[in-house]
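Protein chains in written order, with the numbering used here: chain A, 1 to 287; chain B, 1 to 607.
None of these hints come from the bench; they were simulated from the model. Keep in mind that the hints are not guaranteed to be accurate.
Label-pair restraints from in silico Cβ distances [to be verified]:
#1 B/Pro-53 x A/Leu-76: 34 to 44 Å
#2 B/Asp-149 x A/Leu-134: 42 to 52 Å
#3 A/Thr-174 x B/Arg-452: 53 to 63 Å
Listed next, the in silico DMTMM-like pairs over lysine to aspartate or glutamate satisfying Cα-Cα at most 20 Å (straight line) [claimed, not checked]:
#4 B/Lys-586 x A/Asp-47
#5 B/Lys-439 x B/Asp-369
#6 B/Lys-439 x B/Glu-403
#7 B/Lys-253 x A/Glu-80
#8 B/Lys-434 x B/Asp-490
#9 B/Lys-434 x B/Asp-474
#10 B/Lys-266 x A/Asp-47
#11 B/Lys-586 x A/Glu-160
#12 B/Lys-434 x B/Asp-494
#13 B/Lys-540 x B/Glu-518
#14 B/Lys-434 x B/Glu-267
#15 B/Lys-434 x B/Asp-469
Output of the computed footprint for chain B on chain A, the stretches with three or more beta carbons under 8 Å from beta carbons of chain B [to be verified]:
#16 23 to 31
#17 44 to 52
#18 61 to 67
#19 259 to 270
For clarity, every value in this text was computed on a predicted model and none was experimentally measured. Every residue, glycine too, gets a C-beta built ideally from N, C-alpha and C.
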Amino acid sequence: MKAIHAFLHSFRGRTARVSLYAWMANLFFSLLAYLGLNRLLACTLGDSLLLENSQLYGSFSVWMEMIRHGEAGMRLLLFELGLLALVFGLFSVFLSGGIYGCFISGKSTGLRDFLRQGWNAFPGFIKLFFTCWLVWIPALAVCLVGFLLLAGVLRDSGNETAFRWLAVVWGGLTLLLAGYSLAVYDFARIQRLGGVKKTWESFRAGMGFVSRHAGAILLLYILFLVPFLLLFPLTSVLDSFTTSLPLIPLLLVFQVAIWLRYFLKTVLMHAETRLVFSQSPVASGGS
Amino acid sequence: MGAEPVVEYAIDARLLPVNRRLEATQVMTWRNGTQAQANTLRFHLYYNAFRGPDTTFMRENGLRRFRIREDGEMHRYGGIDVLEVRRIGGGNLTSRIAFIAPDDGNTQDRTVMEIPLEKPVPPGGQVRLRIRFRLNIPEIFARTGSWRDFFFLGQWFPKIGVFQADGTWHCHQFHAHSEFFADFGTYRVAVTLPAEFVVGATGNPVSAVPHPDGTVTRTFAQDRIHDFAWTAWPRFSRHQRNVEVPGRDRPVKVVLLLDPRHGDAKERYFNSLVFAMRFLSAKLFPYPYDRITLVDPPLPAMGSGGMEYPTLITVGHFSLLPQGIHATEMTTIHEFGHQYWYGLIASDEFREAWLDEGVTTFFESEIMDAYFKEKHSLVDLPLIRIGDGEIHRVGLNRITLVERVNQPAWHFLSGANYSNHVYNRAAVFIDTLKGYLGKEKLYDFFAQYARRYAWRHPGTADFMATLKDVSRQDLQWAFDQFINGTSRLDLAVDSLSSRRRNDDPERYCNEVLLVRREGYFPAEVLIRLRNGREVRHLWKDRGRWKRLQFTHESPLQSVTIDPDFLIPLDHDLINNSKAVQPSPRKHRRLAARLGFLFQTLLGMLFM
Numbered sequence: 001m002k003a004i005h006a007f008l009h010s011f012r013g014r015t016a017r018v019s020l021y022a023w024m025a026n027l028f029f030s031l032l033a034y035l036g037l038n039r040l041l042a043c044t045l046g047d048s049l050l051l052e053n054s055q056l057y058g059s060f061s062v063w064m065e066m067i068r069h070g071e072a073g074m075r076l077l078l079f080e081l082g083l084l085a086l087v088f089g090l091f092s093v094f095l096s097g098g099i100y101g102c103f104i105s106g107k108s109t110g111l112r113d114f115l116r117q118g119w120n121a122f123p124g125f126i127k128l129f130f131t132c133w134l135v136w137i138p139a140l141a142v143c144l145v146g147f148l149l150l151a152g153v154l155r156d157s158g159n160e161t162a163f164r165w166l167a168v169v170w171g172g173l174t175l176l177l178a179g180y181s182l183a184v185y186d187f188a189r190i191q192r193l194g195g196v197k198k199t200w201e202s203f204r205a206g207m208g209f210v211s212r213h214a215g216a217i218l219l220l221y222i223l224f225l226v227p228f229l230l231l232f233p234l235t236s237v238l239d240s241f242t243t244s245l246p247l248i249p250l251l252l253v254f255q256v257a258i259w260l261r262y263f264l265k266t267v268l269m270h271a272e273t274r275l276v277f278s279q280s281p282v283a284s285g286g287s
Numbered sequence: 001m002g003a004e005p006v007v008e009y010a011i012d013a014r015l016l017p018v019n020r021r022l023e024a025t026q027v028m029t030w031r032n033g034t035q036a037q038a039n040t041l042r043f044h045l046y047y048n049a050f051r052g053p054d055t056t057f058m059r060e061n062g063l064r065r066f067r068i069r070e071d072g073e074m075h076r077y078g079g080i081d082v083l084e085v086r087r088i089g090g091g092n093l094t095s096r097i098a099f100i101a102p103d104d105g106n107t108q109d110r111t112v113m114e115i116p117l118e119k120p121v122p123p124g125g126q127v128r129l130r131i132r133f134r135l136n137i138p139e140i141f142a143r144t145g146s147w148r149d150f151f152f153l154g155q156w157f158p159k160i161g162v163f164q165a166d167g168t169w170h171c172h173q174f175h176a177h178s179e180f181f182a183d184f185g186t187y188r189v190a191v192t193l194p195a196e197f198v199v200g201a202t203g204n205p206v207s208a209v210p211h212p213d214g215t216v217t218r219t220f221a222q223d224r225i226h227d228f229a230w231t232a233w234p235r236f237s238r239h240q241r242n243v244e245v246p247g248r249d250r251p252v253k254v255v256l257l258l259d260p261r262h263g264d265a266k267e268r269y270f271n272s273l274v275f276a277m278r279f280l281s282a283k284l285f286p287y288p289y290d291r292i293t294l295v296d297p298p299l300p301a302m303g304s305g306g307m308e309y310p311t312l313i314t315v316g317h318f319s320l321l322p323q324g325i326h327a328t329e330m331t332t333i334h335e336f337g338h339q340y341w342y343g344l345i346a347s348d349e350f351r352e353a354w355l356d357e358g359v360t361t362f363f364e365s366e367i368m369d370a371y372f373k374e375k376h377s378l379v380d381l382p383l384i385r386i387g388d389g390e391i392h393r394v395g396l397n398r399i400t401l402v403e404r405v406n407q408p409a410w411h412f413l414s415g416a417n418y419s420n421h422v423y424n425r426a427a428v429f430i431d432t433l434k435g436y437l438g439k440e441k442l443y444d445f446f447a448q449y450a451r452r453y454a455w456r457h458p459g460t461a462d463f464m465a466t467l468k469d470v471s472r473q474d475l476q477w478a479f480d481q482f483i484n485g486t487s488r489l490d491l492a493v494d495s496l497s498s499r500r501r502n503d504d505p506e507r508y509c510n511e512v513l514l515v516r517r518e519g520y521f522p523a524e525v526l527i528r529l530r531n532g533r534e535v536r537h538l539w540k541d542r543g544r545w546k547r548l549q550f551t552h553e554s555p556l557q558s559v560t561i562d563p564d565f566l567i568p569l570d571h572d573l574i575n576n577s578k579a580v581q582p583s584p585r586k587h588r589r590l591a592a593r594l595g596f597l598f599q600t601l602l603g604m605l606f607m
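The whole structure should be built from the sequences, with the hints applied where relevant.
Right under this line is the structure:
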């Protein structure tokens with residue numbers, strides 16, 4: 001019940017406001033993708049009517065033509081976007097510092113405070129970020145190697161049914177591990193801002209909290225994931241209905257969809273802080 | 001339809017599954033149907049391709065290090081040992097056996113055996129031989145062999161070559177990328193093996209005689225075929241249906257030997273096979289044999305899958321693939337297509353492989369598009385749709401060095417070049433002929449060609465001659481470029497412009513420049529004017545460029561070469577069209593969608 005309460009009480013103006021900052025950062029980083037892709041397509045297609053004739057040629061053929069002709073430009077753009085994604089991954093550590101900082105401190109969610117909170121939290125969060133990776137990469141690698149070995153044995157045995165079940169089990173385990181590691185990362189960051197100074201101790205405190213409140217956290221994640229995942233089919237339905245929509249309204253629809261995802265994520269982050277501080281009256285700050 | 005059988009085989013074989021060996025005696029009668037005297041006999045010993053790392057097959061496949069698997073274990077090699085050759089009514093020829101390598105001189109290759117005869121076979125004469133041989137069955141990786149207790153025996157017996165009118169033998173070595181060629185004949189094969197094995201084979205079952213030692217002798221027979229393959233596995237789940245085929249007075253027995261773990265594929269196999277059989281029976285001539293056997297090998301033995309033999313095909317199914325990927329149907333339809341284009345119209349797979357692979361691949365797309373939806377026929381998933389023919393065009397465009405399609409299989413630069421030419425370039429060429437002649441005319445040609453050459457061995461010249469007869473057009477120019485030559489085809493709109501006339505500002509001087517960057521093929525050109533009018537022009541003159549100029553009250557809007565996409569052979573579709581003022585709307589929408597995808601991915605990175 002605490003999880004439901006925390007989640008429902010996180011739909012508020014403060015959450016919406018900080019989610020806007022995250023969305024704006026995302027949009028800023030994505031501009032290169034929009035512009036680069038537009039430039040690449042314009043250069044590849046020139047004044048050809050290839051796209052207009054995609055029904056005639058088949059969409060796969062059209063893609064293959066574009067890839068064949070724009071291969072060099074595409075490689076460069078993919079490299080640029082990969083680099084951009086890497087930088088954004090690190091920048092998101094700063095963003096999460098701002099969001100958790102605003103929620104935990106209970107101070108204003110104005111841009112200046114948001115940036116200050118992000119700045120203050122960044123050194124601690126980046127250490128936690130790398131610590132989590134250092135811990136979970138070997139765990140994932142062990143899972144993967146185990147899977148590959150078992151898959152090799154099953155392939156040689158010709159038992160496709162077992163092979164299929166192995167894939168399902170491995171997929172489930174990976175999801176669980178990913179969910180668990182994300183939860184630990186989230187709660188370790190909250191612990192860090194809640195007063196635990198050392199990285200490793202924050203990490204352990206995060207793990208401890210997740211272990212003690214696994215049920216509530218699982219419920220919280222389900223509450224988040226259901227609407228979050230529903231946004232994907234909703235967006236593609238919207239997209240298919242907007243074939244006649246002019247470009248600007250189409251882009252606006254896309255941005256609303258992206259912002260909604262950030263909003264749901266910040267609602268989750270807010271609910272996580274409520275969950276922590278409802279357990280610990282001493283550290284209760286926040287919203 | 002068809003010629004007299006040249007050869008008769010009666011083979012008695014005993015499979016020793018524990019030892020992975022087969023011991024057999026073959027009585028073969030060969031008739032010399034030529035006007036030349038045969039002083040020697042030549043046989044294919046295909047199984048010797050798996051004898052060791054230095055055979056021509058292994059070298060060309062780049063498998064010289066094949067003996068060591070990734071897990072460090074040894075792969076099992078195999079081979080065929082001819083123990084004795086006797087001329088019935090004559091002497092023992094065993095000591096005369098020699099191994100020759102007519103294609104590459106590889107002394108390590110023993111896939112062609114030559115036996116000089118003490119008494120030649122005169123024109124119209126015949127020779128009967130009794131050959132005792134033993135197989136060491138290799139681990140399956142290419143068509144034949146065994147995996148645990150699964151056995152697939154293809155190209156497994158000493159098979160006589162084809163004696164040609166000029167008195168020479170057509171008997172090539174086993175190459176990495178070549179298939180097979182043989183005379184039509186009669187086969188009667190008896191296999192003795194443990195009774196628990198479920199057996200499938202070319203032809204019809206004749207008898208099954210159990211023995212007190214727990215074995216059974218199963219005999220199969222078929223006439224008017226040119227090869228024989230069989231399989232045995234205790235775990236096969238056997239299904240059989242009688243299928244009515246228009247034009248036949250009795251049903252065809254369709255036998256499916258299924259890996260029991262592939263229950264989900266049973267109906268897919270049956271339905272696609274029956275569809276293909278009825279399609280080709282209606283378009284060419286009714287399937288003439290009483291039986292067809294489909295063999296669905298287990299996953300680790302997939303090396304034997306996707307192959308054709310007379311009245312028996314091996315298919316393949318991978319349960320993990322979603323149903324929207326129609327690989328199971330595609331393989332079934334393709335391999336069944338070979339019952340005609342290889343089995344009945346038995347072209348030379350060594351020297352002119354395009355005649356069976358290219359034609360079969362063309363019909364594969366035709367049947368897939370009729371069975372499923374065009375442009376969805378190979379992959380029909382929510383976000384990805386691919387037509388079967390689209391894949392062949394992609395293969396064509398992957399060719400970096402164009403070679404002659406019509407050349408011996410082992411002359412191609414690589415395996416990829418072989419398949420992209422022989423399967424894809426040839427199939428797309430025929431698809432282009434369909435656009436040029438019209439579907440009805442092309443199908444009429446194939447029907448006549450198939451009927452004319454059923455149970456015969458047509459070559460490219462026969463194909464072209466029949467096409468000329470039926471279409472009443474000489475298409476030599478097309479074959480010279482794309483089958484016997486190395487041209488690509490690339491037609492392009494180079495430029496277009498409209499300007500007001502000085503003397504009449506209400507009218508425009510419109511100009512379109514079309515260029516043939518590579519190759520020649522007549523094409524229709526669609527000219528769209530800004531006022532909505534459309535003008536079609538047939539561009540058929542052979543010059544490298546064509547300037548179209550005309551005066552009209554409306555300026556140009558766009559120009560498209562081949563607006564109905566009848567020339568899939570055209571290498572580049574982007575330069576096939578041009579607009580005066582291109583609307584960026586489509587590019588921008590696509591860029592917006594891709595950008596949104598990237599933005600979503602970035603959102604996933606936010607943790």
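Verification of the hints:
1. B/Pro-53 x A/Leu-76: 34 to 44 Å: Given about 43 Å between the Cβ atoms, the range holds.
2. B/Asp-149 x A/Leu-134: 42 to 52 Å: holds, 49 Å
3. A/Thr-174 x B/Arg-452: 53 to 63 Å: holds, 60 Å
4. B/Lys-586 x A/Asp-47: holds, 11 Å
5. B/Lys-439 x B/Asp-369: Roughly 14 Å between the alpha carbons, so the hint for B/Lys-439 and B/Asp-369 holds.
6. B/Lys-439 x B/Glu-403: With Cα atoms ~28 Å apart, B/Lys-439 and B/Glu-403 exceed 20 Å; violated.
7. B/Lys-253 x A/Glu-80: Given that 20 Å is the threshold and the Cα spacing comes to 60 Å, the pair is violated.
8. B/Lys-434 x B/Asp-490: holds, 18 Å
9. B/Lys-434 x B/Asp-474: holds, 15 Å
10. B/Lys-266 x A/Asp-47: violated, 49 Å
11. B/Lys-586 x A/Glu-160: Not OK: B/Lys-586 and A/Glu-160 at ~44 Å, beyond 20 Å, violated.
12. B/Lys-434 x B/Asp-494: violated, 27 Å
13. B/Lys-540 x B/Glu-518: Within the cut-off at roughly 14 Å; holds.
14. B/Lys-434 x B/Glu-267: violated, 32 Å
15. B/Lys-434 x B/Asp-469: holds, 16 Å
16. 23 to 31: holds (count 4)
17. 44 to 52: holds (count 9)
18. 61 to 67: It holds, with 5 qualifying residues against the three required.
19. 259 to 270: holds (count 3)
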